[in-house]
Structure formats: structure tokens, C-alpha cells
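S.K.: Going by the working numbering, the first residue of the sequence shown is number 1, and it counts up by one from there.
If you're looking for bench data, these hints aren't it; they were derived computationally from the structure. Possibly wrong hints are sitting among the right ones.
[Stated by the list, open to error] Restraint-style ranges between C-beta atoms, simulated for each label pair:
(1) P180 to T873: 44 to 52 angstroms
(2) N164 to H313: 29 to 37 angstroms
(3) K811 to D840: 29 to 37 angstroms
[Unchecked claim] Cut-off 20 angstroms, straight-line C-alpha distance, at most; resulting in silico cross-link-like pairs (SDA-like, lysine to any residue):
(4) K790 to K961
(5) K880 to D815
(6) K437 to S350
(7) K961 to P1001
(8) K232 to S46
(9) K961 to E986
(10) K108 to S46
(11) K952 to E913
(12) K811 to E286
(13) K811 to I751
(14) K756 to L608
Note that the coordinates shown come from a computational prediction; the quantities given were computed from them, not determined experimentally. For every residue, glycine included, the Cβ atom is placed at its ideal position computed from N, Cα and C.
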Amino acid sequence: MFKLLVSRAARVSNSGEHNVLVSFGFARCVHSLQFATVGAEEISGSRPAEVLNLVQGKWIGSSNKTTLLDPLNGDSFIKVAEVDETGIQPFVESLSSCPKHGVHNPFKAPERYLMYGEISTKAAHMLSLPKVSDFFTRLIQRVSPKSYQQAFGEVYVTQKFLENFCGDQVRFLARSFAVPGNHLGQQSHGFRWPYGPVAIITPFNFPLEIPVLQLMGALYMGNKPVLKVDSKVSIVMEQMLRLLHTCGLPVEDVDFINSDGKTMNKLLLEANPRMTLFTGSSRVAEKLTVDLKGRIKLEDAGFDWKILGPDVHQEDYIAWVCDQDAYTCSGQKCSAQSLLFMHENWSKTSLLSKLKDLAEKRKLADLTIGPVLTVTTDSMLEHVNKLLEIPGSKLLFGGRPLEDHSIPSIYGAIKPTAVYVPLEEIMKDKNFELVTKEIFGPFQIITDYKSSQLSVVLDALERMHNHLTAAVVSNDPLFLQARFLLLKLIGREVIGKSVNGTTYAGLRARTTGAPQNHWFGPAGDPRGAGIGTPEAIKLLLVSRATKHSIPRNYNAFVSFGFSRCIHSLSFATVEAEEISGSRPAEVLNLVQGKWVGSSNWNTVVDPLNGDSFIKVAEVDETGLQPFVKSLSSCPKHGVHNPFKAPERYLMFGDISAKAAHMLSLPKVSDFFTRLIQRVSPKSYQQAFGEVYVTQKFLENFCGDQVRFLARSFAVPGNHLGQQSHGFRWPYGPIPVLQLMGALYMGNKPVIKVDSKVSIVMEQMLRLLHACGLPTEDVDFINSDGKTMNKLLLEANPRMTLFTGSSRVAEKLAVDLKGRVKLEDAGFDWKILGPDVHQEDYIAWVCDQDAYASSGQKCSAQSLLFMHENWSKTSLLSKLKDLAERRKLEDLTIGPVLTVTTDSILEHVNKLLEIPGSKLLFGGRPLEDHSIPPIYGAVKPTAVYVPLEEIMKDKNFELVTKEIFGPFQVITDYKSSQLSVVLDALERMHNHLTAAVVSNDPLFLQDVIGKSVNGTTYAGLRARTTGAPQNHWFGPAGDARGAGIGTPEAIKL
């Protein structure tokens, strides 16, 4: 229930109309362009422009000046002050000065949301004025040569984007949500939270649009970005930053760096930004993903296709659009048409000859064709020659260098080129990689297909990588306006069985020309990011929650005829009370719809008495192939999506309703409660709470609620027949630990649960099958970590959801190249504020948070900060009394499954060596028990450590080491030391849950606004544990972070 979805759009055509925003008194700026330090026409070899860096609010030069060659004549016309590795320290310091909670957030400097609305209004107005738009249009043409119309289009889209976030619209981006609680004083709030320090890296081909859209989104939400634009074109963004400063952007809010890739990489590794947003080549993207351990969002290159359907209409227009998509900006668009599939009906028309005529009209004089900045002429012609060696291929037009030009040899200069390759040759393994290699220049491949070969075309789409944009050219646009396209064969087949960030559909469909009013970014990659829309901007955020207290009441769902199942528990293959050393239970695997055993049986030891009471059929590396095959059989577009088998959304609503009802029946809930107790010993109340929350979660997604998760959005176009649609799309094959959210959205999951407790999920799967879940929809595997790791590498799932230790999480992030979402461990803190109330209740909650489930909760209270006012009460003695009431007989204390007794006591002894520390209670093994020595068995323990000692470098790591057991550290602080406490929070890692216990609104605002956690419980009844199903639960401050429970978590 995490980021299981990728926004995707279907769209028709584009508008060329231009809007002028009403002026409001910028005459002096505009007539003199006081922000500008260059004149586009004046830049030359004799009068080179200079590009500076911006850091800590100051424009600075560099001793290292890189000279840029004019792409049209080879003159040295721009000098860029490039920072080398010796000069990155000011940038590192600037990024590091930004806290994790950002420059602003809903509890800190919220007036800045309005400030950015005003900045957007003024900047949009500036760009609407002819002299300013002409300045940027011509400046773009100088460094990234393209036609005036294309360069102006970039300025226009940037203007319209800024208009979209005028006034209150930035504040609305940070809109929170709230869910009523079960009693007065309880409510769950979710807030949009920044990452804090972030980095943005953008390419050369759109020097204004891409950096502005990405930068402003980061700023809107309270992040502190460092921006690096390709040095070849960075002068454009330098001038735009100067414009933004005149519109009110604080100069210290953004750092701007010119550097080579090696230097920027070092900056990222040293400054360690919380998230990096990268647009550029897939090769660099993959390296950054590994270097940054997955803390990255990508909007990288694409090999983009277009399909012409069987209905032939408006031949001239289609030819013009195909020419535009392939050759505008000399093909240097990440959405440029790279491969054109023509239905045989189009092959019988004059389309190809019209394409050739249009291509040959392009000329260097008006920059409708121009230099290619990243591929040389020789490289492009070599690629053409390799393609022409394929049997049946032929050169349709182009394939020669441009003539009579002064373009320097470091750039490319060729005529618009098209090569025909037969479809059957494309599909051969020896040719496919060559044919689908992206050439970032004026080049495309064309093929044709018959109606009977549509499945072959779809297979080709499935084999491609980097799914950015695509176009399906078919159907009357008026039918599209009426959503009739969704019922047509070509629309249903191609859109429903392909995956792209943006799919333009309809007779006027194209691959390029993306405006600011729909998602633009890749699909099928959990690292994917987009630009332009509020949805894209919100990918720069971390959900976060504040909550009061916990519900305790129990709800019984209305029965609807499951009496036979319930009285006999026909789904169950075990009885919790009967499992023993003499009658061990067996746990099987599920793959390709069948329950299977294994030659390798792992014996699980009873945590209470050491008996071998469960046999788990563990799959080893030799038995992985069925699981690999099962995952690989699922296409990237998933088992269902809005265009494919949508009736499955309703099916899962029905399954959820039936399963929720089953869990509401006493015999079933008691069965799972006692089964949980057998493998993960905890009190009946704690185990039942887990069943109850699962039941309530399933109730939340009954009926139409699963379908509502896939709710699309639509934006009217500029003319009749145009509309933008965004859809929720699955990843397809994924391994998960949070199952139902993955299934709801059309994914095919393989689920692995820790073998010590996997019997519980095995029985739950059998219940779900009884409620209508198709057996082939989920695979269930028992294995060790090494085997599961091999499965992930061999099956190459589109995304992996992981809950567990931070150490394993970090390894998976590297092994899977960032295609992972984490809900990992946390070192969770609680702060008791200065207002002392309800001492008995606070003591009870602190005891529950630290010691319920023997402290084996990822949200367990690990560190308690007490205000000195609480130190004067009897709180600690009450905590001691409550802890000493816990006993093994009722499992209010029990075995620790991941840490031994010796390890826990060794940690206690190390803490007691710190000056001023003392043992408050516990610190001894449990007595009179049969818990096997591979597990831990200690009494609830608390150690006091003085705050000043905690903050010392030599102690901090020891004090904040998470012990996954009944253990906590307690300290106290004075009002004057609150800033020290906040510094301690900032230094911690793995921000999962926290609690601020106070009813003082100013105290709450100060602590919440200056800390970062996935879930912060706030108020006098605040706690760290007991997360219900009705709010976000997951870490914050990590771009890989994911949550569980809510629709917001599933949609992320």
C-alpha cells in the first residue's frame, strides 16, 4: 500500500494560442529589462557573455572558466564560471544548513506559501510581456538552436505553468486531510512535508521550461534546492533566476551551480541531499540511483513510439504531426517520435512521400533543422548504416550531412532521416536493441503492420524501456470527446496493454508538444518523476501525520451468509492450540495458483518452550524458477488497469467486503489472534488489535472504494476534440509485504513474510481465496534472505515494497537500483511538554508504547524526553510499577525474536558507563521460563541518561541505537534546553513515529514545525504506537519512503 501507481495521460493535439496576462505596473523592469545581464543578439566571440554561480545568496565567479562554442558558427561566445571539486564547500554548507523539515512547512513560516503565490503571479506576468518573452526566446535560440516558434513555445509553457500557481494555489498544494476519530478530542491529520535540502539536475534541450517547472515545485513545498543545468545552456536559467529575484524570490532560497558531472556527483555525496530530481540520460540516471542509494526521482530519456491505426483520415495533418514529432528541435526532445508503426492502410496512401517533402523543407536558415548537441554526425550516420544492413530495410529519406554550414564538428549536423525496417526483422533478438537505440537527433524508424499483427506490435512495446510518451492515432476526435475512444478496439487494445508516462490518443495525437496542464514524465518506474501538474509537484513531498489518542471500541460487521465457513473454518488447515512439537504444523508456498511444498523444510522453534512446532517449506535457489516465471508472465501494464479488465476493481471491493466480514466474526478473529500469539507471543489484546485493524482496513475498501482508488482526472483542452486524462496505472510484477493495496491497483505480487511467522499469512491467503481471490493473483514464498535476493535480481520486478531492518533496506536499494519503497525501522521518540496533566494516563501510555508486544514494534517508544516539570511528579515510579506488573503468563512481556538476552543486557551495561546514567528499572533476565536462548528474555527496562551526555558525539550513536525489545532510554530537559532536544531529533535517522505530549499550542507548533516524522502523534493523549487503519503510517524524509493503510498511501 505504497507508491503503487504512476500517473499516465491520454491526450489529443495542442494549441498554439498565446495569452497575455493583465499588466500591473512592471513597466520600468520590462522596458529596461533590469534583471538581465546579457542581450541575446549581442553575445558573440568578440563580446562573450559570462555565467556565474549563486550560493548563499551571492552571485560568484570561479577561477575555472569553461568556454562554450556557438553551436552555429564555432565562436567562443560564452564563458561559464564552472565550480571544480575544490570549490564545492560553500554549496555543501548551504545545503547542509537547511533542516530536514524544510524552509517552510504547514507548522513553520506558512506565510511563505502565499509569498510563492505572489512570486508566481509576478513572474508569469513578466513572461507574458512581449519584450521579456522575446528576450528568453532568442536567448534559448542562441544556446539550443531551434525555430523561433519552438523556443517561444517553451517560454509560453513556462508562463502558463506559473499562472497555474498564482494566488492561493501554492498554499492549496499543501492542503492537509483530516479524518474524524472515535471520540471527542481524537482526529487524524495528514500534512505535506518537504524533504529539506534537495538537488535538481536538468538537461540542455529545454533550458527554461524543465528547470523552472522542477525548481518552482521544490520551492513551493518548502525545500532548499541546489540547481544544476547543463552548462551549455545554463545562461538561460541564470537570467531566469535574476528575473525571479526581481519578483520577490529570496536570493538565499536557491543555489545555482555550474560544474561538470564528476564535481556535481561529489557535491551530492558530500552534501547528502534528502532527494535528487534528475532529468537526463538513462545511463547517468542509473549511476546516480546507485550512488545516492535510491534517494532520487527520474524524468529520464525515452524511446517514444507512435501507432497509426486502421482508420485513415486527414492525411496531410497526420503527415505534418509526424514530421513535427520526429524533427522539431532537430529531434532533441525526450518525447521525440523514434519509431512509427503504420497500419497497412496507411502504407497505401501518400503519407511517406508527404513526410519526405516536409522533411526536405526544413532548413538551417530558420533553424527548423540545426545542430545536434550530444551526438556527432559520424555517430548518427554510422547508426543509419548499421540499420541498412538489416534484411528488407531501406533509407526513406535523409541519411546525409547538412551542407553549407559552420556547425563545429563536436556537434552533429545531418538532414532529417527515416529508415524503414520490416516488423518481423525488428522483433528478432539480434536486431531489437539496435532498432530501439535512442538517437537524440533528427532520426526515426518507420515500419508497417497488418491488423493481424497488432499483438506483435504490442509485444514490441512491452519489450521497450524508458516509457515516457507515446501516441495512438485513431478514431474521430469527437468520439474521443464523448469518451467513445475507450470502447474502440484500437484504443482499448493499445492503451490498455502498454505503459507510458503520457499516451496521447485520438486522430490528432502526437508524442511531443506537452503543455503545462498534464503529467509529463516516465511510467513503470518507482523512481519516476513528472513535471507540470500539482500531482507531479507532490512527488517532492513526504506525507506526515499528527494524531490524538487511539480508539478501543470494537465493531461487528453485519453478517451475510458465511455460516458454513465460520462454524467449520473451512479455509483453515491448522488449529492454533493444537500446534506442538508432537503435532507440528506445515507451511506451504503458493505459485502459479498451486500450493506446493519443498524438499527443504525449515523447522521453527516455539518461542515459549523451544519445541520444533512448525515446519516451513522453504524454497532454495534451485527452486526459484516457477516464481520467476510467474512474475515474468505479468506484463508491465498489470493484471488490470482502467482500460483492461476494469471489472476487477469491483471484484476486489467484493473480496474486501467478504474478508472484512469474516474477520469480524468471533471465531475467525479468535483463530487469527491465537495463531499470532503462538508465533509472535504478545498479549491477547495486542494480537486481537492487529486482527481488528486489518478488518477495519478491509472495510475501508469495500464496494466501490477500490474503484475510487483508480479515479482519473480530466482537464478541458483548448478546442473541441482535445482533453487531457490522467489515469492510475499499476507497475505489473512486484514483490510486496503489504498485499491488498498492490492487488487493488492491478499488480501481480509475490509476497514473502518472515518464516518465523509466515503461517499467519498463509492462513489469511486461504481465507482470501475463500472470499473470491483468484489463486493465481498472488504468489507466496518462504525462503531465506539470500534466496529472495536472487529472486528479485532474476525476476527483475518493476518495484519492491520492503518493511524491515534499515540494514537490509539499504542493501536492497542498491541491488535493485532504487526500484524499492521502504517502510523500515525507526528510533522513535516522545517528548513530554511543560504542561503536566493526567499523570496516570500518561504513565499508562508510556508503558504501552515502550513495552507492549515486548517492545517489538517499529513504532515503539525508544527515547523519552521529559520536561523538568514531569521530573517533579511520580511519573517514573508509576512507570516502574506498570512495567513490573507485566508477566510472561499473560504475555504482557514475552520473548524477543530478533535480539538475544545477552545482547540486550550488554547494551544496558554500555549505557550505564556513561557519566550520570542510571538504571531506573529492569535490566535483568526474565525468570522461570523455557524461552530458547536464540531469543531474548528480559524484564521491561529503562535507563536514564543525562541530556548533555546524550548530545556528545561519543555517546549519541550508542544512545540512539534501536533495540527491538522491551527497552527505552529516558532523559529530562529544561525549557531553555528545548533547542538542544530539537537538535537531537535532527541528528536521528529513520523518522517513523513520534509523540509530542502537550496541549500547549505554541509548544506543539514549535516541536512539530522543527521535526520530521512519518507519523507524529500530538496532544496530551499522544502516543507512538497503536497506529489504526485510518491514517498514514510510514517513514518521512526519505525519497524511498512508503506508507500503509490509507488511500493516500496506496496511491503513492
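S.K.: Hint numbers the structure violates, sorted upward?
M.R.: 1, 3, 4, 5, 6, 7, 10
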